[in-house]
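Chain R: place on chain E using the hints.
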Amino acid sequence: MKSYKVIFIGDSGVGKTSIIRAFIGEDVRKTTSTIGVDFYHFTKDGEKIVVWDFAGQEWFKDIVTNFIKGAIIVVMVFDLSKTSTLLNLINYWALQLVKQGAGRSFVLVVGNKADKKQIPDNFIQRVLDILKEKVNFRFYIETSALMGKNISAVFNNIFDLVKVIDMVVRKKLGGGE
Amino acid sequence: MKMLDRIRFLCPICHETIEILPVKAKPGELKSVAIAHKDHVVVVDFDQNGAVRSINTVKVSKLEGKSNIKCPRCGRYLAIPENVSGVYQAAYVHEGHIAVLFLVHGQYYTVEVIEKAREVKRVKEKNFFHEIEEHISLDALADVLSRLFVWGDKIVYVPKEVIEPLRNLISKIPDSEKIEILTGPIKLENAPGKDYFLQEIKKLYNMPNDEIMYRFKSRVETLYKLADLLAALVRLNISKSDLKVFLDELKNTNRYDIVIEIVKRKYPKLILPIVEN
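From first to last, the protein sequence lines are chains E and R.
Start counting the first sequence at -6; every next residue gets the next number (my numbering).
Start counting the second sequence at 24; every next residue gets the next number (my numbering).
Okay, chain E solo, but in the shape it has when bound (with noise of 0.2 Å):
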């Protein structure tokens, strides 16, 4: 069975590591700092996929984002609750996946820590429009980790996301239906 490889990248402390904790059914509270990238292995109807949870914290950034390339999604994930983060998706985040050869790679953005949301949602969008510019966006849904709001949306969003590459690749091989 093909798998897909999947990122999540975003800056240190926005919860990455904590929405697949959440996914998973772990303790997003126990949550430490990634240490490089870690590896989820996840299959649902048939698909597989492969989530890469990269480090975001500073020092790692240069060795982590050159496995950036051959994602077919990239979640980028910012804090609900600091600006910064979110303006580090354009700022930071959308020139590696331009530079790693990943600027068409779906782009799904996931505004995290919800219970504390912070940034107003004009502000947000203007971001995201800036953000739509540099890199083949998809959705935007917010979360919080810690209370699970919308977490399964987020991997099902995914998985839809992989269903229909997984179609266009069948077609263009000649398999599809």
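The following residues of chain E were derived to be distant from chain R, with all beta-carbon distances above 12 Å: (1) T36; (2) R131; (3) S145; (4) N149; (5) F152; (6) V162; (7) K165.
Below, in silico cross-link-like pairs of lysine to aspartate or glutamate (EDC-like), each with a Cα-Cα straight-line distance of 20 Å or less: (8) R:K195 / R:E223; (9) R:K49 / E:D20; (10) R:K289 / E:D31; (11) E:K110 / R:E138.
Rough simulated footprint, nothing fancy, chain E against chain R, three-plus residues with beta-carbon under 8 Å: (12) 65 to 72; (13) 105 to 114; (14) 131 to 142; (15) 236 to 249.
Honestly, the hints are just simulated from the structure, not real lab data.
Beta carbons are placed, not taken as given, at the ideal position from N, Cα and C, and that holds for glycine.
Leaving out everything else, chain R in the frame of chain E:
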């Protein structure tokens, strides 16, 4: 996880040493504190364990005058330049706090108020390295550390006086309690990785003990994590060109040889593909 009693780092802009008291965030949150330098502000984010998660800098606004934006804490006006396009970010240093303004297209904005960090004055103290150095050279210490954490030795012989500071130095590293540190003449093996540990010792040489323990643990964990990562990448069957990118990046650091050694020891059955230059 025990919180450090102070955090020391270099300002990413002016390279001045900053030493502050750490703070703890609530679970699942980050707590920011800021340090004002002349024309920039350093924002440090701490997690629930009091560990630093990120360090960012923001330029200090030198503008004066009125605008329709006020500091949510003290009500002072946050002056903004005329005709701002794209994203504008600036810090405003006020009494006891710092306001950071984020403005998009000169119209949409948000202001975050960050408490000023509590800076501490440095007190020079005798640390593990100073104690150990009275009995063995730093070169010998680096050799011992390399044998323990790269070769995976479980028993090491050192002079009696070195046992306690060495035990404390490695105490934060998982499973270090399984290592036996015994009294005996030290034997120099020139273990691979010795140079790396010597470089790291020199970087940490004048730091206080708690910071040395924390940073040393972090260094060793990073080596193991890089080894695990390399093994995982090989198992994931990533292409040789992608693997080469990773290895090249690793070669740019001083950890390449050590990581390869650890992979060989931890994953003896793993076949590392030959990646040509």
